[in-house]
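Q: Below, each chain spelled out in residue letters.
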Amino acid sequence: MEVFATALPALSDAFSMILQPHVIGYLVLGVVMGLCIGVFPGLGGIAGLSLLLPFMFGMEPVTGLALMVGMVAVVPTSDTFASVLMGIPGSSASQATVLDGFPMAKKGLAARALSAAFASSLFGGLVGAAFLTVFILAARPIVLLFQTPELLMITIFGLSMVGILAGRVALKGLVAACLGILVGTIGEGASSGALRMSSYDMPYLVDGLKLVIVGLGIFAIPEIIALLRRDKAISDRAPLGGGWMEGVKDWWANKWLSVRCSLIGVVVGVIPGLGGSVVDWIAYGHTVQTAKDKSQFGSGDVRGVIGPESSNNAKEGGGLVPTLLFGIPGSGSMAIFISAVALLGTGSIEVGPSMLKNNLDFTYAIVWLLALANVVGTIICIAASGGIAKLTEIRFALLAPFLFMIIAFAAFQSRQEIWDLVALFGIGLLGILMRRFDWSRPAFLIGFVLSAPAERYTNQAYQIAASRFRRGFDEGIDYIFSPIVIVLIIITLLSVVIGLRQAKNIQAEGSVAAGTKRAPVIFLLGVTAYIALAYWNSAVIPDFARMDRVFPVFVASVALVGCVLLLIQMMRSDETAPIFADREAEEADDNIYGLWATLAWFAALLLASAVVGFILALAGFLLLFIRIRAGKSWGYAAAYTAAGIAFICAMAWTLNRDFPPGLLQSYIDLPWPLT
Amino acid sequence: MFNKIMGAFALSTALVATQSVADGHQIDLSGKTVEWIIPFSETGGSAKWANFYAPLLSEALPGNPTVVVTFNPGAGSTKGANAFQAMEYEDGTTIFGSSGSTQFPYLLSDPRVRYEYSDWNVVLASGTGGVAYLPTELAGQLGEGSDATPLAGEDFIYGSQGATRLDLVPLLAWEMLGLQVEPVFGIEGRGDGRLMFERGEANIDYQTSSSYLSGVTPLVEAGTAAPWFAFGALDDEGNVVRDPTFPDMPSFKEVCDATPACETSGPQWDAWKAFFTAGFPAQKMVFLPAGAPQAAIDTYTAAFEAVKARDDFAEISAARLGVYPQMTGAAAQTALASGTDVAPEAKDFVINWLSERYGVVLQ
Chain A
1 MEVFATALPA
11 LSDAFSMILQ
21 PHVIGYLVLG
31 VVMGLCIGVF
41 PGLGGIAGLS
51 LLLPFMFGME
61 PVTGLALMVG
71 MVAVVPTSDT
81 FASVLMGIPG
91 SSASQATVLD
101 GFPMAKKGLA
111 ARALSAAFAS
121 SLFGGLVGAA
131 FLTVFILAAR
141 PIVLLFQTPE
151 LLMITIFGLS
161 MVGILAGRVA
171 LKGLVAACLG
181 ILVGTIGEGA
191 SSGALRMSSY
201 DMPYLVDGLK
211 LVIVGLGIFA
221 IPEIIALLRR
231 DKAISDRAPL
241 GGGWMEGVKD
251 WWANKWLSVR
261 CSLIGVVVGV
271 IPGLGGSVVD
281 WIAYGHTVQT
291 AKDKSQFGSG
301 DVRGVIGPES
311 SNNAKEGGGL
321 VPTLLFGIPG
331 SGSMAIFISA
341 VALLGTGSIE
351 VGPSMLKNNL
361 DFTYAIVWLL
371 ALANVVGTII
381 CIAASGGIAK
391 LTEIRFALLA
401 PFLFMIIAFA
411 AFQSRQEIWD
421 LVALFGIGLL
431 GILMRRFDWS
441 RPAFLIGFVL
451 SAPAERYTNQ
461 AYQIAASRFR
471 RGFDEGIDYI
481 FSPIVIVLII
491 ITLLSVVIGL
501 RQAKNIQAEG
511 SVAAGTKRAP
521 VIFLLGVTAY
531 IALAYWNSAV
541 IPDFARMDRV
551 FPVFVASVAL
561 VGCVLLLIQM
571 MRSDETAPIF
581 ADREAEEADD
591 NIYGLWATLA
601 WFAALLLASA
611 VVGFILALAG
621 FLLLFIRIRA
631 GKSWGYAAAY
641 TAAGIAFICA
651 MAWTLNRDFP
661 PGLLQSYIDL
671 PWPLT
Chain B
1 MFNKIMGAFA
11 LSTALVATQS
21 VADGHQIDLS
31 GKTVEWIIPF
41 SETGGSAKWA
51 NFYAPLLSEA
61 LPGNPTVVVT
71 FNPGAGSTKG
81 ANAFQAMEYE
91 DGTTIFGSSG
101 STQFPYLLSD
111 PRVRYEYSDW
121 NVVLASGTGG
131 VAYLPTELAG
141 QLGEGSDATP
151 LAGEDFIYGS
161 QGATRLDLVP
171 LLAWEMLGLQ
181 VEPVFGIEGR
191 GDGRLMFERG
201 EANIDYQTSS
211 SYLSGVTPLV
221 EAGTAAPWFA
231 FGALDDEGNV
241 VRDPTFPDMP
251 SFKEVCDATP
261 ACETSGPQWD
271 AWKAFFTAGF
281 PAQKMVFLPA
291 GAPQAAIDTY
301 TAAFEAVKAR
311 DDFAEISAAR
321 LGVYPQMTGA
331 AAQTALASGT
341 DVAPEAKDFV
351 INWLSERYGV
361 VLQ
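Keeping their order, the protein sequence lines are chains A and B.
According to our numbering, the first sequence holds residues 1 to 675 in order.
According to our numbering, the second sequence holds residues 1 to 363 in order.
If we strip away everything but chain B, and leave its shape as in the complex, we get:
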């Protein structure tokens, strides 16, 4: 079912497309099996997210098809995304779940990227947030409004998955705040980063919202860790505001404003904001392949809307996904646009920064 070259298929695809449009505005999937391709391994955050949605989606789609999550990991998700790019719409039984780690190589013109977001059809965009935290005694040294200046002389260690991954956002944030942070690369997941923090080896860390709630809150209660700031969320005008999941925490913008070394304008800020936007508020998206007819897009959009409209959705999703927008329709389109379109200056800034600071050359 993978890697099919669809030359012979173009015709039948076109036929199916016209047929389903003629049938009305929904495609019927009864008796079919929907394959949800995740370009990561069974063990990551995207797997959790897809496994959460899969049974709900199955109930909501017309004909109640079986929805199976399949995994096609490799090359930091670019392999699975390239494979999806090679597929063309057939009968609506193939969907793809991308993540921030799929978006970043695309934005940074990684040589392995052979996929093009604008060819695909987005039907769901899930946002998330992130929280930076410190050991309690270091958090106690923060200045007025969480001003980072008193920590400028501290020797920070941060467990990182790689400078070109989602960690780019916190790494750039630390730098903007004037911190001396040495990233220790090669950890396998943010959970390992938290463990390194708990062992006292790392002394600065961030977690995505749901991991923060389940993993770090107990440390905060025990008094060994203290939250510093949440990266934030975007309001309708695209400004960075406080994260609704953590209304008591300052946003990165507030902390940056309070820290004299940090600028909330200029190329560095624009670059941070661009990559934050790509990585967090539009982190995970569901796509139909190139050439999907409007009926299929409508069907999936309606299904995800039905999932969101469930009475128990707020309850069951809070623990798994956090309190973040699950966007469909036009909102998902906007999220896709902001997540995959970065100003050339911001891109150049980050590429240049990666090569100067970490020696990463993307070619």
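Chain A on its own, in the form it takes in the complex:
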């Protein structure tokens, strides 16, 4: 009761704080800016908040909060546009939305998919805010229950979603996930700083690959190339009637799914250290497991959009708990949020343990600004979705260069080196081949995303448990097998068993016909060679850094066994077996252009960037692509190029970013943006 006595006055204070015209005005401004930035893949809350930081100093606290919360809250809403319309995971929060959202767009159901997603986002956001209101006063002890073994189990639970997304040949999915994990271990080990698959002579890989690059490479590039080869619009049929009302109805028909996924989002969001990267996969897995008819997942089932989208906005509410209660950012954007709050007013508000005691009214103001931002953002997005969905009807050859420009720019934000583009191209090639031979790309991405937490928590839990066991056997056992861990183990086992039983029915990326034997075998041998190299490379890590050796060696061993079993299966099966799936055979009739000819365009862009810098190379690329590949006139191509360059420069200028320089720039000094 005492809790309510403090909470209720604070709640009403919070309401009177935010229900002022100028506060609402700033909130709407923040929402609009957040939507504009969130629409572009790879640019999320971090870029947006960095943009706002200079204005925060001395700003009235409530208006500053309105601006920032408005921006942060809608990024997981607006990134849905890229996921659904282009098949590009807009941010880590919308990876799973791609699986069903993009096939819907291809079927001409883009507006419906979008509005279902936005309705779910809104609902999830509201659930998150409602949950925070009640829970925030009691959350502290519960969050502290999640020790390292619990965090490890949640990570493993996330990895177990691979079981559902593994595709028709489960073993291929497993190897794909292991490959993702191994790619995630590239660079300096977290424990002892041993180098894996990298060297100090090639500093780029020492820090490992970033999610932006891997996400774009593994999902976006293969889809763009595939669409380009067909040379049609994204949507291969006329848009169906109904539009956005249909989507809202879809959401209402699945409201209980949306409730469950929102709760998943809140709970996973509350736990510091995991945050957004797993929540949409867990929600997607849950959606598939609880659905009766699973045949449509992966080829455009609206439930596959509703589940992840309900969870990712709810996660933002949950993610505020560790941020506000412990001062520990749940994500990169939350970290900037914390330092921005300290700039507000006289610096009297400090996010962290003292916040609840000293600034409960501000805490609730943040929570309810979050809810309000979700409502405003959703209304704007639904209103815009019909119009933006028309993008799917444009001939893709006209859209693709623009998309490549955006993707290359986003990838370059990772490390601001030309190597970002090389890495994007390399991972993109891997993505193309995985798509071609029907290796589960979601499994790869889950492995990559969870690689670092899995390794970190394994090592830490092992070390701490060893110390507990030294104190006493009981203490060690109590530490490892807490009730939460046991429950999580049971859920994980159930999910794996159910998942594997159903995996054959769920084709997360559609069905694929088999082709000849030769190409799939060569790809498998290539994958095996990389895994063997990774195994050898980590096996030679000396003993003093053994903590950095164990994990990659273990994963590579599992993957090698999987590869060998796959090879044996391949030797025994005949050509029509699903194990020899080859999309080139499936899509042979649709493809107008060859794979390598299409890819060569982008290789040329990359090479030209390395020589004359990104902007000059881009100008040439846009001009020639539109003239030659899209077959437009020189005048049209020149106008397109000018518009594209102007757009990208305006964006970089606003965000205060540079473009990749080339060899030319190291000899001659050119003015921005050519630098």
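The reader is advised that the hints may include incorrect statements.
Going by beta-carbon spacing under 8 Å, a handful of chain A positions derived as facing chain B [stated by the list, open to error]:
hint	residue
1	Ile46
2	Thr148
3	Val206
4	Ser299
5	Ile328
6	Arg456
7	Arg471
8	Ala608
The calculated label-pair distances, taken between Cβ atoms and stated as ranges, are [unchecked claim]:
hint	chain 1	residue 1	chain 2	residue 2	range
9	A	Asp474	B	Asp248	36 to 44 Å
10	B	Asp155	A	Leu565	38 to 46 Å
11	B	Ala306	A	Ala646	34 to 42 Å
12	B	Asp155	A	Leu145	42 to 50 Å
13	B	Thr33	A	Gly631	37 to 45 Å
14	A	Ile24	B	Asp110	50 to 58 Å
15	B	Asp155	A	Leu533	37 to 45 Å
Computed list of lysine to aspartate or glutamate pairs in EDC-like fashion (alpha-carbon distance at most 20 Å, straight line) [as the list claims (entries may be wrong)]:
hint	chain 1	residue 1	chain 2	residue 2
16	A	Lys232	A	Asp590
17	A	Lys357	B	Glu221
18	B	Lys32	B	Asp91
19	B	Lys32	A	Asp293
20	A	Lys210	B	Asp119
21	A	Lys107	A	Asp669
22	A	Lys517	A	Asp574
23	B	Lys253	B	Asp270
24	A	Lys255	A	Asp293
25	B	Lys32	A	Asp658
26	A	Lys210	A	Glu188
27	A	Lys390	A	Glu223
Note that these hints are calculated values from the structure, not bench results.
Ideal Cβ placement from N, Cα and C applies to all residues, glycine included.
We have chain A; now place chain B onto it with these hints.
A: Positioned in the frame of chain A, the structure of chain B alone reads:
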């Protein structure tokens, strides 16, 4: 704007330099944008520090240029520092913010280091401190004068970011006090270390002063944590004395004196003190690139002095930076010298200790 090879520039740089000297003792930055490079990500302590100063600096510089903080993270800040080393003074619109994590690899001859502090021009040095704390029941076992001897049999777990980072200072301190501490590596920030402590997984921890004030004080009030000692501060003669932010806490020197196993002289103490000096009292510094003319250095020094002289500076900086010296001019030079110059014996001792105790080989 990064990574420019400045061959063609040397001439124009020289011209600008002579011009601005001729113009007087200030450079004018009106209409320009000052880029403040931080070699860490947007989310770290250096970002907080730079974001605090950036708007103030913009007001104080002649011509009120826009000051933007840009981030060039990678390889534990050595990447950004190497990139800054490759730059030469152009027009005073590029400054660099280094941290203890930039200094330590330099002091330890990390193979990735291609930068040289003596080439750069320091215009501000910000100090900080650190506080070690324990669970209340363990703190209750401490002996006379916080003597660590009664804790010698305890199995300690400490969440650490890495033995070659700033954590080197506390790790060496634990060892000197005779504690059995197992560092759990791989945490991503000191905040995560505190969370590990709050969850009861770690049972010893330290935080920098500002994080201690905001994050640990509530735990102390709730009775779950108790401060043990603050590392301390340096007086004018370079002795370790009590930290002015925490006058009630003993300094590490006092605790070490009270603990029979710990020596406040000899190579181990000298090494600790050398790295403490490099890591805390001169933790964060602002530099102009190599070749900056005196006018530019004077301009920035004057600007930071003006920031310090603001009426509200004590108030707004206390929460963000703690009560620590923000040094300019000669004081900053001294801080730079003590922060980047370590006796060869101290360096050898630490390199040897890192390889024997943690298997870290720096080559």
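Q: Hint compliance check: list the failing hint numbers for this structure, sorted ascending.
A: Per hint list: 4, 8, 12, 19, 20 and 21 violated.
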